[in-house]
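**Q** Protein chains in written order, with the working numbering: chain G, 1 to 420; chain U, 421 to 788.
Do not take every clue at face value.
Lysine-lysine pairs mimicking DSS-like chemistry, simulated, CA-CA at most 30 Å apart [said to hold, decoys possible]:
#1 U:552 with U:511
#2 G:419 with U:477
#3 G:147 with G:124
#4 G:92 with G:208
#5 G:416 with U:485
#6 U:504 with G:419
#7 U:671 with U:765
#8 U:448 with U:480
#9 U:448 with G:416
#10 G:416 with U:642
#11 G:173 with G:208
#12 U:550 with U:642
#13 G:73 with G:94
#14 U:600 with U:480
#15 U:642 with G:419
#16 G:151 with G:239
#17 U:483 with U:448
#18 U:671 with U:713
#19 U:459 with G:416
#20 U:477 with G:416
#21 G:419 with U:764
#22 U:764 with U:671
#23 U:461 with U:642
#24 G:419 with U:480
#25 G:419 with U:483
#26 G:419 with U:511
#27 G:416 with U:511
#28 G:151 with G:124
#29 U:511 with U:642
#30 U:550 with U:485
#31 G:173 with G:239
#32 G:419 with U:671
#33 G:173 with G:151
#34 U:504 with U:764
#35 G:239 with G:208
#36 U:480 with G:416
#37 G:73 with G:124
#38 U:485 with G:419
#39 U:547 with U:477
#40 U:461 with G:416
Don't read these hints as lab results, they were simulated from the structure.
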Amino acid sequence: MVQPTRLFIISLCMILSCIALAGSASAAVEVYNSSIEMGNGYQINNYVIDVTDVFVSANSASFYVYEQNKEVKNILLNTGDFFEFDFEGRGKVKVTLRTVSSGIIPRAGVSIVLSNYNYQSLYKNDIVNGGHEFATYSGTPELRMSKTIDKSEIGVGDIVRVTVTVENVGDDKAVDVIFQDPQQARFLLYETFVTHSGQTTVDVGESKTLYVYQLKATEAGTYTLSPTTASFSNTAGQKFPLASSNSPVVTVGASEDLVNAELEVTTILDRYAVSRNEDIQGTIRIKNTGDAPATGVTVSVQVPDGMELIGSSDIETISGVPTIYLESFGVQQEREFSFTLKPQEVGTYTLSVQNSYRFNNGVDAQLQQVSSSSVTENIYVSKGKYDYLFEQPIYVYLVPLLIIGLIAGWIYYRHKQYKF
Amino acid sequence: MLNILIVGNGQCGNRILDAINRESFGKKSRFAKYLSQQKYKSNVQTIAINTAVNDLKEMKFTKAKDRIHIPHLHGVGANRNVGKHVFEDNKTHIMRQIEERGDFDVCFVITSASGGTGSSFTPMLIKEMKSKYDYPVYSIVVLPFREEGTLYLQNAAFCLRDIRESGSDGIILADNQFLKQMGGNVESAYNGINDMIARRILFLLDALDSEMMMVTDLGDFKTVMNGGAGLATIGFYEAGADIPVRSAIQKALSPSGLLFSSDVYEEASRAMIIIRGDRERLSIDEISTEVEKLSSAVGHVFKGIIVRDGELPQVLAVLTLESASELENLYSVAVDAIKHERDKKERVSTIKEVDKAFSQIDGMDPSY
Ligand SMILES: Nc1nc2c(ncn2[C@@H]2O[C@H](COP(=O)(O)OP(=O)(O)O)[C@@H](O)[C@H]2O)c(=O)[nH]1
Ligand SMILES: [Mg+2]
Chain G
1 MVQPTRLFII SLCMILSCIA LAGSASAAVE VYNSSIEMGN GYQINNYVID VTDVFVSANS
61 ASFYVYEQNK EVKNILLNTG DFFEFDFEGR GKVKVTLRTV SSGIIPRAGV SIVLSNYNYQ
121 SLYKNDIVNG GHEFATYSGT PELRMSKTID KSEIGVGDIV RVTVTVENVG DDKAVDVIFQ
181 DPQQARFLLY ETFVTHSGQT TVDVGESKTL YVYQLKATEA GTYTLSPTTA SFSNTAGQKF
241 PLASSNSPVV TVGASEDLVN AELEVTTILD RYAVSRNEDI QGTIRIKNTG DAPATGVTVS
301 VQVPDGMELI GSSDIETISG VPTIYLESFG VQQEREFSFT LKPQEVGTYT LSVQNSYRFN
361 NGVDAQLQQV SSSSVTENIY VSKGKYDYLF EQPIYVYLVP LLIIGLIAGW IYYRHKQYKF
Chain U
421 MLNILIVGNG QCGNRILDAI NRESFGKKSR FAKYLSQQKY KSNVQTIAIN TAVNDLKEMK
481 FTKAKDRIHI PHLHGVGANR NVGKHVFEDN KTHIMRQIEE RGDFDVCFVI TSASGGTGSS
541 FTPMLIKEMK SKYDYPVYSI VVLPFREEGT LYLQNAAFCL RDIRESGSDG IILADNQFLK
601 QMGGNVESAY NGINDMIARR ILFLLDALDS EMMMVTDLGD FKTVMNGGAG LATIGFYEAG
661 ADIPVRSAIQ KALSPSGLLF SSDVYEEASR AMIIIRGDRE RLSIDEISTE VEKLSSAVGH
721 VFKGIIVRDG ELPQVLAVLT LESASELENL YSVAVDAIKH ERDKKERVST IKEVDKAFSQ
781 IDGMDPSY
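Please construct the entire structure, taking both the sequences and the accompanying hints into account.
**A** The structure is reproduced here in structure tokens:
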């Protein structure tokens, strides 16, 4: 267990030495001065110095140097001798064999000095057990992001679909990836199909879809969509600069003077569960919520068998179908038509109401035709109070009627017989 | 099965006839005629005759076709002479009605003795019938309350004589005076008396047409009615649960059981006693004792027993009278009444003198 004071001093020394070395890329730094067991190696970034053999009796040891598994140098050194190799371009590494010692596994005492290199760029600087074969090397993930849109010219109120994908075209896995897709001014996020949040990874060669959403244009103009960005590191924990996508351009056309009539037809019933022969009061409400008047408005009610619809005089029956016909229906106009439904048979029913109308959209010469339909909720008709009477076989009525008739006849006959 | 004709003359006759018809429905309800059928054992025909249409209208249980109205302005009053004229004028019409009903085994004519219509029609009708038909015709005659007035007493006296002379096969007397113990107002007393009479008649009809254990029949009835002075009455008693049949017989023969007050052991000449009821209740010994007691006093007594399971003992006695002290009383009162009426008539003719005073101003006019 390391004592806190000691830990503090070590940290302080390290910080100080860092500060001292910061400015001088060319300064020589001894990155290691200790012994390495035969068969182990020492890794500095992507370079590994393997101690392959230690000959104690000959006071010598052999070294192999690899850059990402590619051998760059091998040499047999006597104690006191050294060798050098180039490190990441301009840097130099100087390895001096200082001692050899025997044991179960012989060891080589080495000093490794790095020069002409920015020490801060060292991300790996350590013994590798088993040598270069067991070293892990770091690469450069490269995230290629693309932002595409399904159409680049739309009108105000129109919708554009945005798709953002990413592909790692680098040689290392991107880890701790955080994507950022900024909100788009002048557009409303209309609907999101695919989205993404939190940290993720992107394997080498992997490509995935990050975002799919629809934007609704609110203002005319030409807009460059903000790029989607990604922050990421490689497997060695090295951070890389933000990757960003392209920025597609959308032109939102100033909308033409399109107008439309929009009729809302609602059917309201005062109740949905009745006994047979009880009346249901209904209302059909028509409202034009659009910005153009409608013409030739037809609303027809499909009355199911077992029900009868008795409408006000505004509802005419055209070939058996109760129908409302309105020659024209102005903007924001609202009208109600009431009717009475008389259920005649027990059952579950719905009313379906169909409407159609035409309007001039202000651009096209031809009238626009709109039709739609709606269905009410279920109407439950149960047995009436006295229905059981009607369910009786005919003799149930006939017999008492006959008896009453006979009695009445008898009384009349007797009355006549005794009437003086 | 016997064919029986019952005729009710005048208001009293009509009402008693209606009571018989109602009683025959077996129920007291006003609606009996809608609920049941008449339970005559015999073929019973009824005819009501009256000059007063209102009396006929009041009847409820007699068929309309059985009610014969003899039109005469406001009836005949209590004037028997007017009544006789009206009958004479309508004789063929009345007789045709009876003729249409066919032949009968026996006929009863019911009337009050003291009214106008009944008391004058009955003797003449019986006379007509007797000259035409062979069947016996008995009259059931209701005597007036003694306090009803001299006119009624006088009518009763003459009526009874006329009926005896008409050839009637017997007169069954019913005396309002002795039946008024029913109490209540006049109307309810009449109804009570009528019911009593009706029940007795129905009982009698039932007995005459029954398969009796010990038989009495129409022949016996005729024999009984032949006896005595042609006057008869009927006694009746229905025994309660704990009254032995012996007492029931005694009660039927006592003045309270009779339609016309009489000491039967003294005045009866022939009798017929019909006892009806549950077998258990009809002790032959008791019946024999009582019947023997009566026959030792009066002569022959016909005895009939009708067994009806579950019925309380009922006793009906038909008695012909040798003498009728009560009738003698009535006649002596009636004689006074006749004298009284005659005096009054004379007085009225002297009062007519008053008219002479008025005649003095005949043809004159007052001058002012
Ligand atoms: N028992 C009885 N006597 C009645 C009834 N109606 C009237 N009388 C009697 O009959 C006498 C009147 O004769 P009534 O029948 O009315 O005269 P008529 O209609 O002219 O024959 C009176 O003495 C009444 O007391 C009745 O319903 N029952
Ligand atoms: Mg009268």
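**Q** Hints first: check each against the structure and report whether it holds.
**A** Hint check:
1. For the given pair, residue 552 of chain U sits about 13 Å from residue 511 of chain U by alpha-carbon distance, which is consistent with the 30 Å threshold.
2. Distance hint between residue 419 of chain G and residue 477 of chain U is fulfilled; the C-alpha atoms sit about 8 Å from each other, no more than 30 Å.
3. At roughly 36 Å between alpha-carbon atoms, residue 147 of chain G and residue 124 of chain G are farther apart than 30 Å, so this suggested pair is violated.
4. Pair hint residue 92 of chain G plus residue 208 of chain G does not hold up; C-alpha atoms about 41 Å apart against a cutoff of 30 Å.
5. Restraint check for residue 416 of chain G and residue 485 of chain U: satisfied, since their Cα atoms lie roughly 10 Å apart, inside the 30 Å limit.
6. Between residue 504 of chain U and residue 419 of chain G the CA atoms are separated by roughly 29 Å; this keeps the pair inside 30 Å, and the hint holds.
7. Under the criterion of a C-alpha separation no larger than 30 Å, the hint pairing residue 671 of chain U with residue 765 of chain U is inconsistent with the structure, at around 45 Å.
8. Proposed proximity of residue 448 of chain U and residue 480 of chain U is supported: the alpha carbons are some 12 Å apart, at most 30 Å.
9. For the suggested pair residue 448 of chain U and residue 416 of chain G, the alpha carbons sit about 21 Å apart, so the restraint of at most 30 Å is met.
10. Restraint check for residue 416 of chain G and residue 642 of chain U: the C-alpha separation of about 38 Å exceeds 30 Å, so the hint is violated.
11. Our distance criterion of 30 Å between C-alpha atoms is met by residue 173 of chain G and residue 208 of chain G, whose separation comes to about 14 Å.
12. Taking the CA atoms of residue 550 of chain U and residue 642 of chain U, the gap is near 15 Å; set against the 30 Å cutoff, the hint holds.
13. Using a Cα cut-off of 30 Å, the hinted pair residue 73 of chain G and residue 94 of chain G holds, with the two alpha carbons roughly 12 Å apart.
14. With a C-alpha separation of about 23 Å, the suggested pairing of residue 600 of chain U with residue 480 of chain U holds against the 30 Å cut-off.
15. Under the criterion of a C-alpha separation no larger than 30 Å, the hint pairing residue 642 of chain U with residue 419 of chain G is inconsistent with the structure, at around 36 Å.
16. At most 30 Å may separate the alpha-carbon atoms for a hinted pair to count; residue 151 of chain G and residue 239 of chain G exceed this at roughly 36 Å.
17. In summary, the hint linking residue 483 of chain U to residue 448 of chain U is supported, as the alpha carbons are separated by about 17 Å, within the 30 Å threshold.
18. At most 30 Å may separate the alpha-carbon atoms for a hinted pair to count; residue 671 of chain U and residue 713 of chain U meet this at roughly 14 Å.
19. About 20 Å separates the Cα atoms of residue 459 of chain U and residue 416 of chain G, which keeps this hinted pair within 30 Å; it holds.
20. For a cut-off of 30 Å, the pair hint linking residue 477 of chain U to residue 416 of chain G stands: about 13 Å separates their Cα positions.
21. Using a Cα cut-off of 30 Å, the hinted pair residue 419 of chain G and residue 764 of chain U is violated, with the two alpha carbons roughly 43 Å apart.
22. The suggested pairing of residue 764 of chain U with residue 671 of chain U is violated, with an alpha-carbon distance near 44 Å, which exceeds 30 Å.
23. Distance restraint check for residue 461 of chain U and residue 642 of chain U: the Cα-Cα separation of roughly 19 Å lies within the 30 Å cut-off, and the hinted pair is therefore satisfied.
24. For the suggested pair residue 419 of chain G and residue 480 of chain U, the alpha carbons sit about 8 Å apart, so the restraint of at most 30 Å is met.
25. Between residue 419 of chain G and residue 483 of chain U, the direct Cα distance comes to roughly 7 Å. Compliance with the 30 Å bound is thereby established for this hinted pair.
26. Of the pairs offered as hints, the one joining residue 419 of chain G and residue 511 of chain U holds, with about 25 Å between alpha carbons and a cut-off of 30 Å not exceeded.
27. Restraint check for residue 416 of chain G and residue 511 of chain U: the C-alpha separation of about 28 Å stays at or below 30 Å, so the hint holds.
28. A C-alpha spacing of about 48 Å is found between residue 151 of chain G and residue 124 of chain G, which places the hinted pair above 30 Å, so the restraint is violated.
29. As the CA atoms of residue 511 of chain U and residue 642 of chain U are separated by approximately 28 Å, the hinted pair is consistent with the 30 Å bound.
30. Straight-line distance between C-alpha atoms of residue 550 of chain U and residue 485 of chain U comes to about 24 Å, which keeps the hinted pair within the 30 Å bound.
31. For the given pair, residue 173 of chain G sits about 12 Å from residue 239 of chain G by alpha-carbon distance, which is consistent with the 30 Å threshold.
32. Distance hint between residue 419 of chain G and residue 671 of chain U is unfulfilled; the C-alpha atoms sit about 40 Å from each other, more than 30 Å.
33. Distance hint between residue 173 of chain G and residue 151 of chain G is unfulfilled; the C-alpha atoms sit about 33 Å from each other, more than 30 Å.
34. This hinted pair checks out: residue 504 of chain U and residue 764 of chain U have alpha carbons roughly 23 Å apart, not beyond 30 Å.
35. At most 30 Å may separate the alpha-carbon atoms for a hinted pair to count; residue 239 of chain G and residue 208 of chain G meet this at roughly 21 Å.
36. Proposed proximity of residue 480 of chain U and residue 416 of chain G is supported: the alpha carbons are some 12 Å apart, at most 30 Å.
37. Distance hint between residue 73 of chain G and residue 124 of chain G is fulfilled; the C-alpha atoms sit about 20 Å from each other, no more than 30 Å.
38. For the suggested pair residue 485 of chain U and residue 419 of chain G, the alpha carbons sit about 9 Å apart, so the restraint of at most 30 Å is met.
39. Our distance criterion of 30 Å between C-alpha atoms is met by residue 547 of chain U and residue 477 of chain U, whose separation comes to about 27 Å.
40. Note on residue 461 of chain U and residue 416 of chain G: the hinted pairing holds, with a Cα-Cα distance of about 24 Å set against a maximum of 30 Å.
Checked against the numbered hints above, the structure breaks hints 3, 4, 7, 10, 15, 16, 21, 22, 28, 32 and 33 and satisfies the rest.
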